[in-house]
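Modelling step: build the complete structure from the supplied sequences, incorporating the hints.
Chains A and B are the protein sequences, given in the same order. Counting from 1, one number per residue, gives the positions in the first sequence under the UniProt record's numbering. Counting from 1, one number per residue, gives the positions in the second sequence under the UniProt record's numbering.
Certain hints may be false.
Note that the list lumps identical chains together, so a pair holds whenever it fits in one copy or between two copies.
Claimed, not checked - The calculated SDA-like cross-link candidates involving lysine to any residue, where the alpha carbons are at most 25 Å apart (straight line), are:
#	residue 1	residue 2
1	K100	D64
2	K100	D70
3	K100	A83
4	K100	T67
5	K100	Y78
6	K100	T86
7	K100	E12
8	K100	I65
9	K100	S112
10	K45	T84
11	K45	D31
12	K100	A66
13	K45	T87
14	K100	T82
15	K100	T18
16	K45	V34
The set of hints was computed from the structure by calculation and includes no laboratory data.
Protein chains: 2
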Amino acid sequence: MTRTDAELIVDEYHRAWTSGDVERAMTYVADDIVCRAPGADLTGKEAYGDFIAGFAPSLVGIADIATFADGDRVALFYYPQTATTTTAPAAECFTIRAGKIAESVLLFDRLSFGPPEGRR
Amino acid sequence: MTRTDAELIVDEYHRAWTSGDVERAMTYVADDIVCRAPGADLTGKEAYGDFIAGFAPSLVGIADIATFADGDRVALFYYPQTATTTTAPAAECFTIRAGKIAESVLLFDRLSFGPPEGRR
Numbered sequence: 001m002t003r004t005d006a007e008l009i010v011d012e013y014h015r016a017w018t019s020g021d022v023e024r025a026m027t028y029v030a031d032d033i034v035c036r037a038p039g040a041d042l043t044g045k046e047a048y049g050d051f052i053a054g055f056a057p058s059l060v061g062i063a064d065i066a067t068f069a070d071g072d073r074v075a076l077f078y079y080p081q082t083a084t085t086t087t088a089p090a091a092e093c094f095t096i097r098a099g100k101i102a103e104s105v106l107l108f109d110r111l112s113f114g115p116p117e118g119r120r
Numbered sequence: 001m002t003r004t005d006a007e008l009i010v011d012e013y014h015r016a017w018t019s020g021d022v023e024r025a026m027t028y029v030a031d032d033i034v035c036r037a038p039g040a041d042l043t044g045k046e047a048y049g050d051f052i053a054g055f056a057p058s059l060v061g062i063a064d065i066a067t068f069a070d071g072d073r074v075a076l077f078y079y080p081q082t083a084t085t086t087t088a089p090a091a092e093c094f095t096i097r098a099g100k101i102a103e104s105v106l107l108f109d110r111l112s113f114g115p116p117e118g119r120r
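The structure is reproduced here in structure tokens:
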């Protein structure tokens, strides 16, 4: 199966941040990215990068569930494994424009990843 | 674009429960469905149906974000609009076997849909 350009971009992005290289991950992100995250709407690469950088260090492993691609959109479902949980999934729906991640809808259940007072 | 059989099954299922007809929705669900929901692993159609029936009445609208299909897997991203929020997304990753929904990974942020003590 041939993977789309959009899928390749998301794959590079995902492998970078989940291996702790947030700086490299951000090279795949548009300056004016808009991301809907749990409890926060993030606008711009800096705010988005700060959000990812705040979570990345707590990652101890990753388990894939599924990847989907349709034109300029790519979806990932996976388990971001932390000291708190290895069985709480995350999902992301990315929109790629001009070779960069321009929009993201990011889902996870904050309660499954720790006490609410400990998270933004 | 031709839609896959799996996508058609999920579409019928989704339209049924989001219009309040949980009984009809459950005709698309396998007896031995396994669903990972926020804070709960559900096994069997009865437990799954109870979970959906517990949420369906609070739905006041729905806004689609994206649909993906890949073989026997289908993903939905959408906003289940309630009195509490119209901008908190949900995502579902379904696996279809023998014409029924056999597995589901269901994601939403419980904190975005109401106070934690009011939800399972």
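So, going through the hints one by one against the coordinates:
When the C-alpha separation of K100 and D64 is checked against a cutoff of 25 Å, the pair qualifies both within a copy, at 22 Å, and between copies, at 23 Å. When the C-alpha separation of K100 and D70 is checked against a cutoff of 25 Å, the pair qualifies both within a copy, at 15 Å, and between copies, at 23 Å. Proximity of K100 to A83 under the C-alpha cut-off of 25 Å is found in neither arrangement, the shortest distances being 31 Å within a copy and 35 Å between copies. With identical chains, the CA atoms of K100 and T67 are at most 25 Å apart both within one copy (18 Å) and between copies (21 Å).
In this assembly of identical chains, the alpha carbons of K100 and Y78 lie at most 25 Å apart whether taken from the same copy (21 Å) or from different copies (23 Å). In this assembly of identical chains, K100 and T86 lie within 25 Å of each other by CA distance neither inside one copy nor across copies; the values are 29 Å within and 28 Å between. For the identical chains of this complex, K100 and E12 are intra-copy neighbours only, at 11 Å inside a copy versus 34 Å across copies, given an alpha-carbon limit of 25 Å. Taking CA atoms no more than 25 Å apart as the test, K100 paired with I65 passes in both settings, with 23 Å inside one copy and 19 Å between copies.
For the homomeric pair K100 and S112, neither the shortest alpha-carbon distance inside one copy (30 Å) nor that between copies (28 Å) is at most 25 Å. In this assembly of identical chains, K45 and T84 lie within 25 Å of each other by CA distance neither inside one copy nor across copies; the values are 28 Å within and 29 Å between. For a Cα distance limit of 25 Å, the shortest separation of K45 from D31 inside one copy, 5 Å, qualifies, whereas the shortest one across copies, 45 Å, does not. With identical chains, the CA atoms of K100 and A66 are at most 25 Å apart both within one copy (21 Å) and between copies (19 Å).
Only between protomers do K45 and T87 lie at most 25 Å apart by alpha-carbon distance; the minimum there is 21 Å, versus 29 Å within a single protomer. With identical chains, the CA atoms of K100 and T82 are never at most 25 Å apart, being 28 Å at best within one copy and 33 Å at best between copies. Taking the shortest alpha-carbon separations for K100 and T18, only the intra-copy value of 18 Å comes in at or below 25 Å, while the best inter-copy value is 34 Å. Taking CA atoms no more than 25 Å apart as the test, K45 paired with V34 passes inside one copy only; the shortest distance there is 8 Å, against 38 Å between copies.
When the structure is compared with the earlier hints, violations turn up for hints 3, 6, 9, 10 and 14 and for no others.
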